[in-house]
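Undergrad: Chains as they are written, first to last, in this note's numbering: chain A, 45 to 631; chain B, 584 to 907; chain C, -7 to 336.
Derived from the structure by calculation, the hints contain no laboratory data. Do not take every clue at face value.
[Stated by the list, open to error] SDA-like, lysine to any residue: derived pairs with alpha carbons at most 25 Å apart:
1) LYS225(A) - PRO659(B)
2) LYS5(C) - SER232(C)
3) LYS618(B) - GLY536(A)
4) LYS363(A) - GLY752(B)
5) LYS822(B) - GLY250(C)
6) LYS142(A) - PRO304(A)
7) LYS189(A) - GLY146(A)
8) LYS225(A) - PRO304(A)
9) LYS497(A) - PRO601(B)
10) LYS340(A) - GLY752(B)
11) LYS55(C) - PHE719(B)
12) LYS271(A) - ARG715(B)
13) LYS822(B) - SER232(C)
14) LYS290(A) - GLU799(B)
15) LYS16(C) - VAL639(B)
16) LYS55(C) - GLY752(B)
17) LYS449(A) - ASP592(A)
18) LYS225(A) - LEU683(B)
19) LYS618(B) - GLU472(A)
20) LYS189(A) - THR273(A)
21) LYS451(A) - VAL419(A)
22) LYS55(C) - GLU799(B)
23) LYS179(A) - GLU148(A)
24) LYS433(A) - LYS276(A)
25) LYS517(A) - ARG602(B)
26) LYS290(A) - THR184(A)
27) LYS618(B) - SER232(A)
[Claimed, not checked] From chain C, some residues computed to sit far from chain B (all C-beta separations above 10 Å):
28) PHE90
29) PRO99
30) ARG285
[Said to hold, decoys possible] Reference listing, derived: stretches of chain B covered by chain C, where coverage requires no fewer than 3 residues with Cβ under 8 Å from a Cβ of chain C:
31) 794 to 808
32) 887 to 899
These numbers come from a predicted model, not from an experiment. Note that the Cβ used here is the ideal one computed from N, Cα and C, for glycine as well.
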Amino acid sequence: MKIRSTASAVAITAALALVVSACGGGGSAKKTGGSGAEAPASQYNAGVTQVVNPSDKTGGTLHMGMPGDFDSVDPGDQYYGYAWNFSRLYTRALTMFKPVPGKEGLELVGDLAEGLGKASDGGKTWTYTLRKGIKFEDGTPVTSKDVKYAVARSLDKEILPSGPTYFNDWLDNGDYTGPYKMKDKLDSWKGIDTPDDQTVVFHLKKAYGGFDYFAMLPSTAPVPAAKDTGTKYKEHPVATGPYMFKAHELGKRIELVKNPNWDAATDPNRKQLNDSVEVLLGQNEDDLDQRLLSGKIDVKINSTGVGANARKTVLTDDKVKQYADSAPLDRTWFTNLNADVPPLDNVHCRKAVLYAADRSAIQGAYGGPDAGGEVALSLMPSKMTGYEKNDLYGVEANPGGDVNKAKEELKACGQPNGFSTTISFRVERAAEKQTAESLQQSLGRVGIKLEVKGFPQGDYFKLYAGKPDFAKKNGLGLMVYGWGADYPEGFGFFQQIVDSRVIRAAGNTNLGVKDPEIDKLVDQAAAEQDATKRNSIWASVDKKVMDDAFILPYVWAHGLFYRPPTLKNAFISQNFGMYEFLTLSTQ
Amino acid sequence: MLLFVVSIATFAIFFLVPRLAGMSADDLASRYVGKAANDQMIHEAAIRLGFNDPLVVQYGRFVKGIFVGVDRNYGPGIEHCPAPCLGYSYVTQNPVLPDLLDRLPITLSLALGAAVVWVVFGVSTGVLSALRRGSFFDRLSMGVALAGVSLPIFFTGIVSLAIFRDQLGLVGDVADWVPFSEDPLTWANNLILPWVTLAFLYAAGYARLTRAGMLETMSEDYIRTARAKGLPERMVVVKHGLRATLTPVMTMFGLDLGLLLGGAVLTESTFSLPGIGKYAVDAINNNDLPQVMGVTLTAAVFIILANLIVDLLYAVVDPRVRLT
Amino acid sequence: MSESPFLDVKDLKIHFSTDDGVVKSVDGLSFSLERGKTLGIVGESGSGKSVTSLGILGLHRGKSANVSGEIWLDGEDLVTASQEHVRRLRGRKMAMIFQDPLSSMHPFYSVGDQIIEAYRIHHKVSKSVARKHAIDMLGRVGIPEPKRRVDSYPHEFSGGMRQRAMIAMALSCDPELLIADEPTTALDVTVQAQILDLMRDLQREFNSALIIITHDLGVVAELSNDILVMYAGKCIEYGSAEDIFYRPEHPYTWGLLGSMPRLDREPTERLLPVKGTPPSLINVPSGCAFHPRCPYSDQTDGQSKAEIPALINTDPGHLVRCHLSRTQRRTLWENEVKPVLETQ
Ligand SMILES: Nc1ncnc2c1ncn2[C@@H]1O[C@H](COP(=O)(O)OP(=O)(O)OP(=O)(O)O)[C@@H](O)[C@H]1O
Ligand code: SF4
Ligand SMILES: [Mg+2]
């Protein structure tokens, strides 16, 4: 008996050793992949500022892989950045971000439209002129009616629930609820006018200066009414871009091929380098990363780049790291300070928290500078249009916190020995848990004691942190949170998290920033038509939020992305915070 | 009957548990709207999905779909989903049954292929181990078998991918699913790794079961009789020994295969195979009741079928249980 | 008798090495048997009868069994012959009928299939020919409607029929040596008699050498020419049936005779039962293995305990293994044992 068990123990050990050495072998073989002491073939972060591997060669298939699935590939029913990025391969909205690296990529240009919109009526009316000669994949010319129909259908959130609601909220819709519920009443809709086949006129309820950003939304991409199949349109959205759907096996695979009716002459921003584009959906993330690193997949579709396991390989192995880019996202990780919970109703107590917090420790929790992001000086991510530096709490000099200043503020608040409160976070998120614990430590330095409490992320906003009653009753003084913009402009970032008028009974995105002055600034910025002026208003919103100390920002998020050496024309889109899909090719 | 119980249980778990946790119909519905939805939209979604109706009514609708079919508004018009209709996904709004049928060949290929591998390897290893009890082969294979049952598939899966696909380049890219009818060679090449990995997990159990069964059978009197007749040893082992050992193996096989056909959850996720198992994971992650119902019912059907077949096989193998 | 006997077993030893020690199941057994003759091997449970018979068929396999001595069958020594050669002889030249026909037949195959299989291993014939033969054999052993019963499964047969089927299977290749290991133990008394009659008839018909193994002297009384009494792996008395029944000289044989069940006697009223339990085969008692249970061991001046008695000729062809002197044995039998056995 004894002999037997010893023998099997040996057998197991041997088997394990085999497995382990195999893993080790995997790593070392990768290292020896590039030969010896050659100069690096590429530079870490090269793709953040320039086009890597520029090439005009055509042919081949671009292999894309995705851990999950798109919310939808129907341009009228999508909300994720990667979905918007992807849908431009086969559709054309009125405007688009310039597909170029660097800051220039934040500029809007005309796409389906010849140029940007012309505002009139003090910013309540916006007019776009379509380019001539644009056709659908079947050769039918695109007209303004198709744009009108596309926007109209996107209003119906029952059939197409996933997209943003900007057009529902801002257009002068009256009682109109979309072409599905109100058949044949498109003409009665006041939201959009089509005086001729080339002109689209938007009518807003109130002035909005940044409407060109709305015109960039994929829901303005034309949809031929005759080919609209509602919820099933995603099976084959009709193309106007350089590629069109050849196959869409729902949840499994998408295959795009060249659209023969796309004409480069009508489209200065796109090329048609690939013969086809294939997307594998629902891939195991670890395995997908593995295939990306080995070059079998050309690009991974998601918002944060390589997964946690592959990140280690990428950051520790210089041979791999040279092909990676740490891309700034339109996202800030922060904690809300709840003025409903005393003594945080006192601005000095809130400021004490902002001074005491150790932001560099939290940066570590989110993955460090490469994969997590930079230490945030204020709420607004620095990469966004109109960002102005604003470091009220001296974070740049003291990322670990300023204990003396914090103590002064506590004195001013009448709590010289500190106070106790609760901090909430989403249990499923390890980084948020570490953040709460890190704050518990750094705030403890000045006597602020935190009780750490996790809540399920699915109900975090509906039942817990996002429900003011609950937060108040349970004394949630600090609530760990984070927010990303729909598009890199003040309105898309701030409106949902600092405007006190969006606060409802439950399910909030603004977890307690309540300042009438901020609300006023938001309105001003929205209506301002001059981009420079508008941007400076958003900068002052950023300042005001920091001054009010309603929010403790700590990390401006980055994603760590990988581009295989064989990938051509790769660069990070400043707008999407990931590789620009439009230019990618493999030859 | 079993199907009925399974469907009611799934339904009840889906609705009662969140209710008990204090969620309203709107709270439930908020999972199935876009990220910009306001209260009004959520409320409308709750109505559209019928969350405000009593549970019995909702269940009735589901049953009606199966026997009569249902109509739904897809936007430009009304569409009839003919019986048996498993309804539409709350999340993707795709009809569930076609989705399942679409994924079935993948799960079938995976499960049946793996079954062949594990039965062949498991049973033959078990037989050899039993015949050479105490030998080096016996100890080694039983040790490996122990590793097989205890190592999780996402571990063995990723490791085997790293070795056989990335390092040695021996097999194709699993994720490129190719139907058998299109290209049997690529089909097999792409599936060989999942088969082996999955089979490794099961073969271990079968080897142990077969070994134990063989040890018992080979000491039976009728084995002695077979030898006394002058049968060659190979025939004694295969025809007389193995046949009697197969009965418990078959029972286990029926259960295992039935469960697997309901979705090889971990394997499909690990190897990115878009089969029923992967579908089930997504369905559960998304709280997508119609999909969950579809998957559970499929699994139940397969479990029932597999058991039925095992019962029939039983009668073929063992004359003592034959119906008189 | 210038030629050597058909079956000649010389100093057969079958030892098993186990975790607890060496089991000397058969320890120096010698006997011989001619065609057409019957040998009865008698002994209580665990005395090594089955091990002996399996040893002759070469069915002790594996490293733990250690077989030595000589087994001459029709001029060849089976102990030194190759396994494969012995396998070919099994079933054809020598066959065996087992104790428990239910567990000895494969439950999943029909009776016919099992006979057909036995036949076809040794005869290159078609299935249908073998089937005819099987039906024929079933008929010969007295199974009614053999054409129909050939497709029945063992569990569908009664105990007696199963044993008949076993016999049919064993005889299917016309073996020259047939070993029946307790062929009737599992059967009730009337069926026992039928089966024994059948075996006698068949033996005459086939003219085979027959070994009947039993723990019950009554079974072999009428059938056997010679009887061998075994105790703890050794032969303790060997002689003609007359010798054993009318002139037995070993105290153990006397005990066996006393415990013989008879149709006219209740089994409970056995007169001279053998008291005590069979000895361990690992730590065999010193001297005469029977001494702890023997009522006469005190009459040998302590020899019984100290020395293993030799197997000696007491009469031509009658061998006994006991320290008592010939006179002592005969006196005891005539004066003490026989009278008790006869006062029924
Ligand atoms: N393979 C084996 N390994 C070890 N010991 C064995 C083996 N086979 C038989 N024995 C032992 O040998 C002894 C004799 O067994 P055997 O079967 O010959 O007895 P028997 O005389 O046939 O008894 P019964 O009347 O119960 O059939 C028993 O003690 C048994 O335990
Ligand atoms: S030798 Fe002694 S013990 Fe053995 S049988 Fe003879 S008298 Fe009894
Ligand atoms: Mg026996």
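Undergrad: Now, for every hint given, state plainly whether the structure supports it.
TA: For each hint, the structure was consulted:
no. : hint                  : verdict
1   : LYS225(A) - PRO659(B) : holds, 9 Å
2   : LYS5(C) - SER232(C)   : holds, 23 Å
3   : LYS618(B) - GLY536(A) : holds, 14 Å
4   : LYS363(A) - GLY752(B) : holds, 21 Å
5   : LYS822(B) - GLY250(C) : violated, 46 Å
6   : LYS142(A) - PRO304(A) : holds, 24 Å
7   : LYS189(A) - GLY146(A) : violated, 35 Å
8   : LYS225(A) - PRO304(A) : violated, 34 Å
9   : LYS497(A) - PRO601(B) : holds, 21 Å
10  : LYS340(A) - GLY752(B) : holds, 12 Å
11  : LYS55(C) - PHE719(B)  : holds, 15 Å
12  : LYS271(A) - ARG715(B) : violated, 70 Å
13  : LYS822(B) - SER232(C) : violated, 43 Å
14  : LYS290(A) - GLU799(B) : violated, 59 Å
15  : LYS16(C) - VAL639(B)  : violated, 76 Å
16  : LYS55(C) - GLY752(B)  : violated, 46 Å
17  : LYS449(A) - ASP592(A) : holds, 16 Å
18  : LYS225(A) - LEU683(B) : violated, 30 Å
19  : LYS618(B) - GLU472(A) : holds, 19 Å
20  : LYS189(A) - THR273(A) : holds, 17 Å
21  : LYS451(A) - VAL419(A) : holds, 22 Å
22  : LYS55(C) - GLU799(B)  : holds, 19 Å
23  : LYS179(A) - GLU148(A) : violated, 28 Å
24  : LYS433(A) - LYS276(A) : violated, 47 Å
25  : LYS517(A) - ARG602(B) : holds, 22 Å
26  : LYS290(A) - THR184(A) : holds, 18 Å
27  : LYS618(B) - SER232(A) : violated, 29 Å
28  : PHE90                 : violated, 6 Å
29  : PRO99                 : violated, 6 Å
30  : ARG285                : holds, 30 Å
31  : 794 to 808            : holds (count 5)
32  : 887 to 899            : violated (count 0)
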